[in-house]
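Undergrad: Take a look at the letters that make up each chain.
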Amino acid sequence: MSYYIDEMRPLPARAAALREEVQGAVQSVCTERAIIWTQYHRRRENRKKPAVVRMAEALAEVLARKSIAIYPGELIVGNFSSKRVGGSIFPELHGVPVMLDLLRFRNRETNPLAVTGKEIRSLLAVIPFWMFRFMALRAYRSPLARIRFVADQLKAHFYLINESGGISHIAPDYEKLIRIGAGGFIAEIEERERDSAPDEVARDLYRAMKIIAEGIARFGERYGELAAAMAGEEADPAKRRELEAIAESCRRVPRGGAETFRDAVQSLFFAQIALNLESLDNSVCPGRMDQYLYPYYRRDLERGLITRDEAKELLACFSIKMSEIIPVFSSHLTNFHGGMFNGQVVTVGGVDRNGSDGVNELTYIFLELMDQLRMRQPNYHARVHAASPRQYMDIITGMLARGSNTPALYCDESIIAMMTKNGYSLEDARDYTGVGCVEPVSQGKSFSSTDAAIFNVPLCLEMALNGGRRFGHLFRSGARTGPAGSLMTMDSVKGAFEAQLRRKMGDLIRDLRAVELANRRYHPTPLTSMLIDGCIDAGRCSTAGGARYNFSGVQCVAPADTGDALFAVERAVFQEGRYTMKGLVAHLKRNLRDQRVRLYLRNLEKFGNDREETDRWTLYVIDRFGETLRSFGKNTRGGGYVTGLYSVTAHEYFGRITGALPSGRRRGEPFASGIAPESGMDRFGPTAVCNSVNRIDFTKIGNGVNLNAKFDPHSLRGDEGRAALQGLIQTYFRRGGMQMQINVLDPEMLAAARDDPALYPNLMVRVSGYSSYFNDLTPAMKDEIIRRSLYQC
Amino acid sequence: MEPKAAPSLQERGIVFDVQQFSLHDGPGIRTTIFFKGCPLRCRWCQNPESHRYSMELSYSRDRCIRCNECVRVCPAGAVRDDECRFDMSRCTLCGSCAEACPARAVRVVGMEYSPEALMAEAGRDRDFFSGSGGGVTLSGGEPMGQHRFLAAFCPMLKAQGIHILLETCGHFEWSAMEGLLPFLDLVYFDLKHADDGAHRKWTGVGNGLILENLGRLSASGVPVQPRMPVIPGVNDGGENIAATAALLRGYGQGVIHLLPYHNLGEGKRRQLDSPSEYIALEPMQEGAMERVKNLFVEEGLDVVLYR
Ligand code: SF4
Ligand code: SF4
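Which chain is which? The protein sequence lines are A and B, in order. For the first sequence, position 550 matches number 550 in our numbering, and the numbering has no gaps at all. Numbering-wise, our numbering comes out as the position in the second sequence, counting from 1, plus 793.
Rather than coming from a laboratory, the hints here were simulated on the basis of the structure. Note that this is a predicted model, so its numbers are computed, not measured. Don't be surprised by glycine CBs; every beta carbon is placed ideally from N, CA and C. Don't take every hint at face value.
With the Cβ distance kept under 8 Å, some of the chain A side facing chain B (calculated, not the full set) [claimed, not checked]:
no.	residue
1	Arg596
2	Asn603
3	Arg734
Build out the structure end to end from the sequences listed, making use of the hints.
TA: If you want it as structure tokens, here you go:
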């Protein structure tokens, strides 16, 4: 049992106390961003300004007026919200649907959030202003199209366009911010204004960038003043010195370049807060911290300014602060993004821009911290390559075998190969980090809407088998394809499936492009643009294609379920002749009530058992999805649409609304997560799963892959268990695997945790590329995690 | 009862399971092949599927949904719609019922493989073997019961550079082993009891041949690892441990692996038409393994405990 409990190794006392404070804090809604943002936009004089300037001024005003606090014992300061652990509301993004959920925040079953009556009233007061101004409504001009899109998205049966909640999903160029500070950016922009002849768009952008650069510089100084004032009142000399050190650092950064390691961490944390308030507070990722912080650490060590333990304490303080933010999702969105997850990725290890191994002392400090802290955020990733140091690999696999469930592992060779094939330069590819769940981007250079949309693939098969209608529906919602009886060959089944896929993915891309343009037009992101390479040069906002790299990710949800269903059709109808096509579809419509039929279908071979004849159907689905996506050309920022094979928690939601499948899965049951086999269908254990998954051509999966490998703690015990795990991971990667996360789960314990949430309040599980507290998941997700933990090697 | 001899098979192996990602069954990530048939009848045996050399039918009443597909398809009229369902005296093991059964409640245990076909199964995880220092474990049943098949199969494994571990109860003709020796990388050798009479009582055969083979193997140059399943009330007494330790020292063996007894056999046994006498043993007491371990340590042996 000790595998799971946080107290595996003692933490430094300060960090332990801070963590306790943060974990014990009530998760709350913060109204400040919504209210200040609205007040700014209501002011008449602001309405005429260019959108990009409005964004910069509104954000600067939030940073200037939001309440700030320095909590006892902190070394790194800054507040995402007015609450110790809180989340903001973005009324102009998906804010209005969220706010309509307001009255239920306190009492809902999953992710309840504290909010006072007064706060609710003040939030309700801003709704009218945004009622017709939020993003999803702005995607379309015609009222009918608006209503259609908003209504579609509230149901989200075929797809969900996350981008209508903003884009984010960036790994900002913190290296540069730390080095030159906001003041350095202002100087650079002024120089560019002088030397080039910027057009009007660029002039507005530069103006906006300078406003927000000044805004974040002032934001830091507010903390400097607060710390100085608190120091003046502090009686305890040790605490006073601490506050004075904070004051000194916050006066320097982020306005100026960092002079010390502490400055560097503090500077990036202020930017981290500001970026989370600019657009969607999702997946703003510090990325490769061990790489860009290392020069500061080494210099301070050499100058005798810091010890290893002090550096570790600072990073612990930073790491804990990253858990002070939560997303405020409506219940609807919680279906897709369960687990109170902001997707702030910190990546360690891997090769540097020249291709040599980048592991350093900070890497090891981070590894210790992720093992000891085991908190929801940041989302820790570790990069691995053939020449990763032995010690690095041993520590990571040791942690994972003991049940840390973090970090998630990424393979340099496969990911760099994929990125260069997709158009990244070799150096930029080597400098990748994951953002969000599993999506690789180049640090400081990509503005990829990696979580642009998620797509329900099995529903296309349902319609393909039923003439373009969903089971039980009178009206056709898909393409016009023949009725079940007319599908006389496997080729005709494939043809119908592909027609449905083209139709619905076409719908998705049409909506997505409208949302892309709405983001560009109504919600430019000047701060993000300043911190993403290319935007200043191009004089274009990141939302308008200013960044170096501009992909959009569309997630292929449940390829294995779809592939298994197609295999079952081939086997049952066209090879064994057990049922006619019509008969099979009739059974499906009756939700496989007949046990004989259901068990027969369920017991057919499934993806994940290293059987070519079955696996090829899942490969077919992935391939068709990718080709269809490619056929739509470029997004409006000039980048390609790329496939992602991860599902966050959408496989559970999409499963709930999709009918029975020929794979023997009944209506409403969850789909498989990411690229994993269907729950309990991997009969031969993880090596066979890897053999199956390794058949995928990962160079075509531009938006990342999530493979969840589940183990019971028993099988990974001891050093042999750890070594076997290491062998498994390295072999999977050597053969082209991109990502793997290791879950060590005990089903009995999970069931106990489900029945009595108080039992293991801090139990962490990896959901889909990220960790979540088990208690933060929906009941259905909990059941799914338990179910998949039951079937193990 | 007298165990049957291996049927004379010309390079056909009968295997009842191939398990990938076997950990703690030898070094690294391994694929374990379970050969069917065993010359011993250990009364605590957890794996009745392993007893007979021939294929047999296994029927699980719990999984059966009583749809009678099996009744419909059986060409031999061996299936009836009643509680017993299968009349083994008429069954020809044609497998039709297993194929038709939607619930997989009935299945044929044991599958015939040519060396090439088994190689294809065993080689699936080859990349993982080399990545983890693992390989293939030949287990059972008693793999030596199919030594002629092994004589064809092991060279194929070796040709692919796969590490081979043989698990044996030691009851085989030495001549069968001689030809295999060059191919084996490691032998796990199970000892049940040091006393010939007790051995006969609990396993159906004496231990003379077994000890003789342990001596020969120890001298053969192939690494041998003795192991002992610790069975409460059968072989965990001080006297047997002292005698076993003395034997091992005599053969120059300094390490013993101890395996705890798990009470798993009963559920499986009910599914097979299995006549062998089964004894319900007490489950392992807390700390019992530690106690046995300490006794061996006192005798000067190094001990590795399995869990
Ligand atoms: S076919 Fe299978 S499930 Fe049906 S009655 Fe026979 S054994 Fe039972
Ligand atoms: S194996 Fe063949 S003969 Fe035996 S019971 Fe099944 S169908 Fe009948």
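Undergrad: Each hint: holds or not?
TA: Hint-by-hint comparison with the structure:
no.: 1; hint: Arg596; in the structure: holds (5 Å)
no.: 2; hint: Asn603; in the structure: holds (5 Å)
no.: 3; hint: Arg734; in the structure: holds (7 Å)
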